[in-house]
Amino acid sequence: MADREVPAEPLRVSILSQGSYLIASIHTALDDGQLLRFQRDLIDRIGSQRARGVVIDVAALDVLDSFGSRTLRDIARMSRLRGAETVIVGIAPELAVSMVRLGLQLEMPTALDLEEGLAYLRSMTGTAMLP
Amino acid sequence: MTSTTPDGLAGAEATAGDDLLLPELVAHLREHRTQLRREWANRITDESLLSAMTPQEVFTEATSVYDNYVGVLETGSVEALQDYARDLSERIIPRGVETNEVVGIVLLLRDVLARSLFEKYHDDFGLLNRVLDAYEPAANRIANTVAVSFVQERERVIRQQADAIRELSTPVLQVRERLLILPIIGVLDDQRADQLTEQLLGGIRRHRAKVVVIDITGVPEITAEVANHLVQAVDASRLMGAGVIITGLSPEIAQTLVTIGVDLTKMNTVGDLQGGIEEAERLLGFRVTRVSDEDG
Chain A
13 MADREVPAEP LRVSILSQGS YLIASIHTAL DDGQLLRFQR DLIDRIGSQR ARGVVIDVAA
73 LDVLDSFGSR TLRDIARMSR LRGAETVIVG IAPELAVSMV RLGLQLEMPT ALDLEEGLAY
133 LRSMTGTAML P
Chain B
8 MTSTTPDGLA GAEATAGDDL LLPELVAHLR EHRTQLRREW ANRITDESLL SAMTPQEVFT
68 EATSVYDNYV GVLETGSVEA LQDYARDLSE RIIPRGVETN EVVGIVLLLR DVLARSLFEK
128 YHDDFGLLNR VLDAYEPAAN RIANTVAVSF VQERERVIRQ QADAIRELST PVLQVRERLL
188 ILPIIGVLDD QRADQLTEQL LGGIRRHRAK VVVIDITGVP EITAEVANHL VQAVDASRLM
248 GAGVIITGLS PEIAQTLVTI GVDLTKMNTV GDLQGGIEEA ERLLGFRVTR VSDEDG
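Here the protein sequences come in this chain order: A and B.
Numbering of the first sequence is given in our numbering, commencing with residue 13 and proceeding in unit increments.
Numbering of the second sequence is given in our numbering, commencing with residue 8 and proceeding in unit increments.
The shape of chain B in the complex, shown without the other chains (with noise of 0.2 Å):
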């Protein structure tokens, strides 16, 4: 990624400028820690901020941070800080911390410093300048490490969650020889509909089943798209053989199927998952008495 490869940016800047600038900066901006710190965590606080965290836990984060960044000013190497960033986020996140809060908190540190060396440097402006052709790219790329790792590891949680919740949200089960049931509970999107039609055709090859009960008792509403999706999925379970039989249609999505006109005079419904199990019973022969009434 961006970040991982020493880009020269801070280096090359240092080298073509003076190379001493970097380290008096660094030795400014420990010397001025304490200071900085206080007013970088008070902006925090007062563009409100990391509102999920205490103050104490801004403060610590903060102090983490702000030794870091100096550090990468130091060695003009971000790796200690994308470890820290991607620790840092794999802590926040799941407290619902924000991205434009943690690139926000980034940028005002940036700036505080950047003031700082601004009330400094003010007088000399030729050496302002040269001071911040050596600040500015280096903390730039400190910026754009902790944004990357903070998104990286966002995005590696929703990953994660996906799948898990891919895994979970179409079970395929057989309840009698050649006869399936999918329970199918929480929203149907494009993409779970689609997944739905894979788990349904391979579940019927696999099973050899002759009908299927689709159950949607569970799913709260239904778009235009996937109502064609499951009518598709039907087409082409009865193309494997197989008849599908959906139960458990709320009011609602009867009333969306038939406001969107999706053709469903080829879907065979059944008011509930029972009606639907018995009517698949009744189609593959079986009959279901009570063990009283076959004595009687």
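Here chain A stands alone, though its shape is the one from the complex (with noise of 0.2 Å):
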């Protein structure tokens, strides 16, 4: 279902489902058609697995530029939209200290590891509404 423009390359992308939650891995760093593939990859399996949250895991990313904070910003925004909270896990010292210094704004939620990311969207799904 995603092979419309795109050439049918490998995803460096996993995204796997774990109860009502999506865990999505970036294996490596992504170009930006890439992260736009990934975006609506996701944002469809949201809709097709009925997700109430989605975990995206950056633990292999060094880098991230304007495109990918951005794009990842949409996704979060996105997902609300279609009912799942959304939150960045892994950030390794180097690239949040990075991020930090280009002044790249996530303004999403963020989470140590994985495990600490679903129990944020544990805590989050079971609250009806936020502020």
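Honestly, the hints are just simulated from the structure, not real lab data.
For clarity, every value in this text was computed on a predicted model and none was experimentally measured.
Ideal Cβ positions, reconstructed from N, Cα and C, are used throughout, including at glycine.
The following label-pair restraints were derived from C-beta to C-beta distances: (1) A/S78 x B/V158: 38 to 48 Å; (2) B/T52 x A/E106: 55 to 65 Å; (3) B/E162 x A/S78: 34 to 44 Å; (4) A/M136 x B/R213: 25 to 35 Å; (5) B/L180 x A/S26: 36 to 46 Å; (6) A/L93 x B/R213: 32 to 42 Å; (7) B/D196 x A/G115: 21 to 31 Å; (8) B/D196 x A/M136: 33 to 43 Å; (9) B/P258 x A/T40: 47 to 57 Å.
Dock chain one against chain two, each of which comes alone in its own frame, and use the hints as you go.
In structure tokens, the structure reads:
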């Protein structure tokens, strides 16, 4: 379903489902096209799997440019519109420092690792409304 | 380094001119050792160099330097002098002897000896010229060697101390499960702030921390750059999923931060370390109670 204009190369992101949550792991640095494809795939999966929450694991990334961080933010917003909370996990110290230096704002929840991310989602999706 | 390889300055001059000039010169300096050395020591006292040392010490060292100096002129090899200079530096640096003093005394010796050569050869200008041709490069090399040895030793000491400070400076301590404290003592400069960020983020990952209390009670003052560094460290921690509480901002620092307009709205600050830890415990869901309260 995701090979309309993008060549069918192996996806560098795996999207697994775990209960009502999706876990997306980014394995290597993605170029802009791959990021957009990931965005589309993930938003599709939220609908098809009726996911309540999404964890995006970026532990393998050592850089993230402004396009990358904007895409992640867009994913979070679109996911919320489709009924799922998103949390970014696994930001490495070097990546955190470089993002802060570049002034990149994620404006979305982050957690230390997958376990923490899932705990966060459990706490969020248990409550009905957010301020 | 420049001084270790014999660059042939003295040697080349000697063979180009008279082979016998340097030996003659050395003999002259040996002969008038007592007088020249005294003259030199007087000049050192006059210029109030090496004021950290007693006159006896100055005289002893002056003797060694003099003999080494003449030895270098004789052999053209600076190695022995280099070892001596390094050893001397090691002894006098802790006593606060400055670079200008060390360079100063070597240049003084150079002048004293040159003066005596003038005196000896002033009748024959051509010979004096050749003598100086042989003497000057060697003397310059000696001055260079001593200065470089001293500076190298100094740098080594500074590096050693910087390493020691770096190791001591930012402990990351776990006080409860997932709660870290970083007590910071002393002046925070850019480099230390960088290191603090590194330790902080590394500690968050290693201890899987959720809340970190950074206590800056022991920090006397803070610059705009360092304040921004702190803000960045807090932002980076948040990206890693940990909240930061800053405690112990002194009135001066609070005033500085407000005056320079650092955006602290995103920072969670609490008055003192105790308050910070209590706040952190609250965030983590701990409740600390006295045993007697529990019983009652």
